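Q: Residue numbers (my numbering), protein chains in the order written: chain P, 43 to 574; chain B, 255 to 358.
No lab work stands behind these hints, which were simulated from the structure alone. It should be emphasised that the depicted structure is a prediction, and the values quoted were computed from it without experimental measurement. Take the hints with a grain of salt, since some may be wrong.
Stated by the list, open to error - 30 Å max Cα-Cα, derived DSSO-like pairs, lysine-lysine:
1. Lys319(B) <-> Lys295(B)
2. Lys86(P) <-> Lys295(B)
3. Lys319(B) <-> Lys289(B)
4. Lys289(B) <-> Lys86(P)
5. Lys86(P) <-> Lys319(B)
In case you want the letters, here they are:
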Amino acid sequence: MGEIQVTGHPASPGLAIGPVTVLTTAVASRTARGDPAQEVAALKAAIEGAALELAELIATVRGEAAEILEFQIAMLQDDALAEAAYDAIAAGAAADEAWRTALDAEIAGYRSAEEEYFRARAADLVDIRDRVLAALNGVDTTAKISGDSVVMGDDISPSTFLAVDWTRGGAIALAAGSPSSHVAMLARARGAPMVVGLGPLPWSGRPPSLALVDGDAGTVIFDPRPETRRVFEHRMAAANAARIAADAGRFEPAVTADGRRIAVLLNVAAPEDLTGLDPAICDGIGLVRTEFLFEGTQGLPGEDAQYAVYRRILDWAAGRPVTIRTLDAGGDKPIAGLTIDGERNPFLGVRGIRLSLARPEVFRVQLRALCRAAVHGALKVMLPMVAVPSELDRANDMLDAEFTALRAEGIACARPPLGIMVEVPAAALCAEDFGAAFYSIGSNDLTQYTMAAARDIGAVADLNDAGNPAVLALIARTVEAGRKRGVEVSLCGDAAADTRLTAALLATGLTTLSVSPIAVARLKAAVAGVST
Amino acid sequence: MHDANANRAAQSFALLTASAVLVNPVGLHARPSVKLTQCAKGFAARIEIALAADGPWTDAKSPVKVMRVKAPQGATLHFRISGPDGEAALAAMLALVHDGFGEA
Numbered sequence: 043m044g045e046i047q048v049t050g051h052p053a054s055p056g057l058a059i060g061p062v063t064v065l066t067t068a069v070a071s072r073t074a075r076g077d078p079a080q081e082v083a084a085l086k087a088a089i090e091g092a093a094l095e096l097a098e099l100i101a102t103v104r105g106e107a108a109e110i111l112e113f114q115i116a117m118l119q120d121d122a123l124a125e126a127a128y129d130a131i132a133a134g135a136a137a138d139e140a141w142r143t144a145l146d147a148e149i150a151g152y153r154s155a156e157e158e159y160f161r162a163r164a165a166d167l168v169d170i171r172d173r174v175l176a177a178l179n180g181v182d183t184t185a186k187i188s189g190d191s192v193v194m195g196d197d198i199s200p201s202t203f204l205a206v207d208w209t210r211g212g213a214i215a216l217a218a219g220s221p222s223s224h225v226a227m228l229a230r231a232r233g234a235p236m237v238v239g240l241g242p243l244p245w246s247g248r249p250p251s252l253a254l255v256d257g258d259a260g261t262v263i264f265d266p267r268p269e270t271r272r273v274f275e276h277r278m279a280a281a282n283a284a285r286i287a288a289d290a291g292r293f294e295p296a297v298t299a300d301g302r303r304i305a306v307l308l309n310v311a312a313p314e315d316l317t318g319l320d321p322a323i324c325d326g327i328g329l330v331r332t333e334f335l336f337e338g339t340q341g342l343p344g345e346d347a348q349y350a351v352y353r354r355i356l357d358w359a360a361g362r363p364v365t366i367r368t369l370d371a372g373g374d375k376p377i378a379g380l381t382i383d384g385e386r387n388p389f390l391g392v393r394g395i396r397l398s399l400a401r402p403e404v405f406r407v408q409l410r411a412l413c414r415a416a417v418h419g420a421l422k423v424m425l426p427m428v429a430v431p432s433e434l435d436r437a438n439d440m441l442d443a444e445f446t447a448l449r450a451e452g453i454a455c456a457r458p459p460l461g462i463m464v465e466v467p468a469a470a471l472c473a474e475d476f477g478a479a480f481y482s483i484g485s486n487d488l489t490q491y492t493m494a495a496a497r498d499i500g501a502v503a504d505l506n507d508a509g510n511p512a513v514l515a516l517i518a519r520t521v522e523a524g525r526k527r528g529v530e531v532s533l534c535g536d537a538a539a540d541t542r543l544t545a546a547l548l549a550t551g552l553t554t555l556s557v558s559p560i561a562v563a564r565l566k567a568a569v570a571g572v573s574t
Numbered sequence: 255m256h257d258a259n260a261n262r263a264a265q266s267f268a269l270l271t272a273s274a275v276l277v278n279p280v281g282l283h284a285r286p287s288v289k290l291t292q293c294a295k296g297f298a299a300r301i302e303i304a305l306a307a308d309g310p311w312t313d314a315k316s317p318v319k320v321m322r323v324k325a326p327q328g329a330t331l332h333f334r335i336s337g338p339d340g341e342a343a344l345a346a347m348l349a350l351v352h353d354g355f356g357e358a
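Model the full structure from these sequences, guided by the hints.
A: Structure, rendered in structure tokens:
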């Protein structure tokens, strides 16, 4: 099998290399089954046993880990958790079935929560469920994991995480998962790199034997070629040395060796990314992805729900500019009930602004929420996947209409400036022709469309190079168009966080780069080493 | 005599209500829920919470039920308390919320 690169979301920073261990969740089902009184007694004993196990585990950990386990114990000791299960047993169900059904209902309640934080608690409930099931069925579900391996699975429970010695250099790569999960918090605290949201894993049958995990970029490379592995190991060594130096400079402005001030903005995938973060580390937010609002199970988000989230981000920024991208669905980001299924080539199909213009009833709601949020700070709005000026013109007209309507209704609102993502080569080549309030270069898509090579197809992954002269020429051309028109140009793709490219990017004339919060310190250190 | 006792009982079990805004970063999440329920269990009074002044009311002594409320940051948490040590319970509950559960 060849090298495969998969992209997800960074959940805990750092680089790791190790053998792949795939988590299996085989919970044997119970064979024996008694009368309701015996089943109730069995469930009670299993719950008490699970709480006891957790109490023993607590004795071996400290701080955050202990608090997470205390939460699980408090939940287990609360009769309300098993209430529905006891009812089901009284109606004739077996203890394990009853418990599983009751906990699955509880878990579904968490998964459908509006707040990412509460959704992330589902993993704790799964942990509780399986621990009690294991006690009921008398099997140990936690396979032995070696602390130097890359643990792969759909999701991982806190107790599985805590059973591993992460000081040995291992990492976590999950198909699902969340950066807000308890495991992600623990991984950050213990320095275990973690990537979540990788999606269905690209192999069937035998899993790969080795993986490189990049917890900064949110990527995982399976079965790397020797050259890829060598480069990665070199990065690991350099990162260790650089991290120590960089952390000190996080709050300093980014300035090149020859004194040029570079604005460093943040990329934000969800408002939770900002939790615990000091806005003083950045000059604003360069990209807020809004897809997370549409990924829940509760259907498309309403205007008020969107407004509340946008406002929260603007409040956090405390007057610094915030650029929010309108829904960028389609391509590799399908959304149930919105994107078009079964397109032959979704990356060249109805995605980004094309989808928003095709579904004006959905787009209008987002534009209204953005106009209302705009009174709370320096909001800018950008459109993804724009190819021709008429797309921007139509969006501008719709934004004007919603702003006018809100004002007529007496609702507090402002009309945010509307800019475009430059990620289609056509837009980069003719950037000057767009009446955009600003340009934001999306280097990931610009690279894949320019090089005609996807990042997730291993055989062509080396062609997918943001540092290729053709891609850099398109970036330079966009910067020049911005200069001529007197509007700001920034770059918000992964290339901005790739410090090997910093010198090349600044050489195009770019003065604004937007990266995930975790990359800020490293980028500022890289900028300081560049002479332009 | 009988009436006087009934009155005293009614007086000491007066329904106390108050509200406070959740200021800690992610609302009434795992750790705050555990703290809240542990504190509530220290009182004999019946203690209930809600996101609106008119309910629905949730038993503040049950972490499972408190977590089901999913109270986000910025939400107003309403308390309804009745019992012999209601005043002390209310003061303790409000202090916890104002203090951001020690996290703010």
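Q: Hint by hint, say whether it matches the structure.
A: Here is what the structure says about each hint:
1. Lys319(B) <-> Lys295(B): 14 Å, holds
2. Lys86(P) <-> Lys295(B): 22 Å, holds
3. Lys319(B) <-> Lys289(B): Distance of about 14 Å is within 30 Å: holds.
4. Lys289(B) <-> Lys86(P): OK: lysine 289(B) and lysine 86(P) at ~25 Å, within 30 Å.
5. Lys86(P) <-> Lys319(B): 19 Å, holds
Figure legend: structure checked against the earlier numbered hints; every hint is met.
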